[in-house]
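Participant: These are the residues of each chain, in order.
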Amino acid sequence: MAEQTAKRPVSVPLMADLAARGESPEILFWVGCAGAFDDRYKRVTRAFVRILEHVGVSYAVLGMEESCTGDPAKRAGNEFLFQMQAMTNIATLNGYGIKKVVTACPHCFNTIKNEYPALGGEFEVIHHSTFLQQLINEGKVTAKGGESFKGRRITFHDSCYLGRANNIYEAPREVLEVLDADLLEMKRCKTNGLCCGAGGAQMWKDAEPGKKEVNIERTEEALATLDGDADVLLNLQGVESTAPVLPAGSNRGGSVIAVACPFCMTMMADGVKNKERESDVQVFDLAELIASAEGLNA
Amino acid sequence: MHFSFQNLLFLLVAVAGFGLFAWQARKIRANILVGRDRDMSGHVNERLWKTLLVAFGQQKMFKRLTPAFLHLIVYVGFIVINVEVIEIMVDGLFGTHRFLQFLGPLYSALTGTNELLGALVVLAVVAFWWRRNASVVRRFTGPELRAWPKLDANIILYVEVVLMVALFTMNAADLKLHQLEGKDLPGAFPVSSLLTGLFPDNLTALAVLERVGWWAHIVGILLFLNYLPSSKHFHIIMAFPNVFYSRLVPQGQFSNVDSITHEVKAMMDPSYAVPAPATNPDGSALAPTPFGAKDVDDLAWTNLLSAYSCTECGRCTSVCPANLTGKLLSPRKIIMDTRDRVEEKYNSPLIFHPSLYGAEAKHNPQEQLDKENHTLLRGYVTPEELWACTTCNACVEACPVNINPLESIIEMRRFLVLEESAAPNSLNVMFSNIENNGAPWAFSPSDRFNWADDLFVTEKTPVTA
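Residue numbers (full-length UniProt numbering), protein chains in the order written: chain A, 1 to 298; chain B, 1 to 465.
A couple of the hints might just be wrong.
As the list claims (entries may be wrong) - Restraint-style ranges between C-beta atoms, simulated for each label pair:
1) A/Ala-224 - B/Leu-225: 45 to 53 Å
2) A/Gly-210 - B/His-43: 33 to 41 Å
3) A/Asp-206 - B/Ala-266: 44 to 52 Å
4) A/Glu-276 - B/Ala-266: 49 to 57 Å
Note that these hints are calculated values from the structure, not bench results. Beta carbons: idealized from backbone N, C-alpha and C, even for Gly.
Could you put together the complete structure from these sequences and hints?
Facilitator: Pasting the structure below:
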């Protein structure tokens, strides 16, 4: 049967509008500050919304009513500011009777899931890696019909606030498995994963004096994993390649460092840039990979 | 049974050994209890299960196989050989000889296992010594491993060898004595039977050697017991309560400060009634406690318990992203500093108290002069160390006895921010951005929904001809 491709404009539903109509969505998509303001990570937010639209789940966002969860303030020791933020957000969420929150940011996820309950905010909180895994398991997402990742190398960088902080290691890996790519594990992965260097409010300050930046250490590990041994490296440079590697500079070729956190995204992308490997290694969020494999970005 | 002067002497030695240990243990208990109260009741089954897995079962040791295997030998040796200590105690008090021999074949199994483990312990200790002193294991270096911690680590290894030598001297001499007298010695001695050739054929000399081995073994154990409170080796006891009282919540969940919760609630809702502050039993007001931690008594008692459970293995520091990239932060140092400071400020239960230790612990001579500032924060741990932490929980995950250095780091950050407004300037900018814009960056809140502009989704629809 022939198919036709059409671009459908999306008007992202606002919680306030739904409430005014007396409707309540199945999930509230918590966008987070990076998802709303960081130019690179806005693309992840948009990719995730495309997936939500594609599977037809009923969702809404808070829009301008959303505010920082307080995570960076809390990790930096500013408990007062954290609790101000937390209680304001809890009042907003409870005001709309929200039951289920989905977010792409592990820091928002951890804070709302673990630290809001003691302050009066009890929600079912799901990270987008788990949510995508569920969509795949339910057959709503097949990762077919779009970009093929077959034969390409992908390594997943564990976010501390998803992994060690909340024991979510398998969901992002199961999401990546659907891509039919070559998944490679870094030596330091899962419980032993190395931080990207941005957690604990490091994102907003210069690092203390040292020998190296943490993100460089981690990027070097990711690149070494993707490059593999000398033979593998040759493959990546296009000699006797078993993988369909496209010419340098093409944004459809090369290997991928997959992330599931906006701060990891910034740190790993900066690392790849620092190592001058942007031509053959890209950093993508899970949602972007799935949206493009599903053909939603075309 | 030959009750004699020797038994009386043993009674005195045992009472002195255990009494001295009890006296030291009381002081350490008092040190731990200077920490802030934290309710750790409940979840007993979950805690026992965790203790069984992590402490008894050595679960987290097996993240690194070679040291885990070596450690397992010494650990199982310690437990099994302690059964023999029970026998030594009974023999010593009542003048019996090899009191447990009534166990028959089980006694042979016990003594045989003991001997094999004893030999393996000697081999493991040699390997440990080599790893620590001759090979380059990065986590056995570092500025916090000053003279005393290094000496301490080696003393433990030497004592373990001495104890094993005493055990084999006792067994081999006893075995040869029985052989020469044409009698059977109950038990199995697979290692000592190989050593009898080294021993004299003189019955008196053998009897003396057997006694020397016996006394050296038990006196050595009692001395070692009393060395523990001065040493990182105290972990062989403290690991168990520390794992039992370790956190059960997800590692990402940080504590909420309750006093701040009341303040914030009162700010947001003027009708909110802040509960009356706790008072002393006589009704007088409690001394106000600061936000966060400046000194050891501002930490929770569980953090101080942890300081006594640390065996300074450095697994935390070896996985710390800040430390790996050359920053000052070392989670192990924070834990070691906590123990040093609590013993400086409160009880020093040390019998073996090397004087150089106290002098070395004071890192910064400038601040040593300032008694006010000579606290855990600044006197031992510098803000530079604290600000290097990414709160990634790698140290927490790595610790084989579930110590949580991150809790102490966050408590000290809270003191710096809430009591001293001493955050790095860039973080103060982040705080004011959150306050003013609801985001850590300086973006206008009115732009928060701009990401949704001009959004399309590509859809495939079947075309019917």
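Participant: Mind listing which of the numbered hints don't hold for this structure, in increasing order?
Facilitator: Checked against the structure, the only hint that fails is number 3, while the rest are satisfied.
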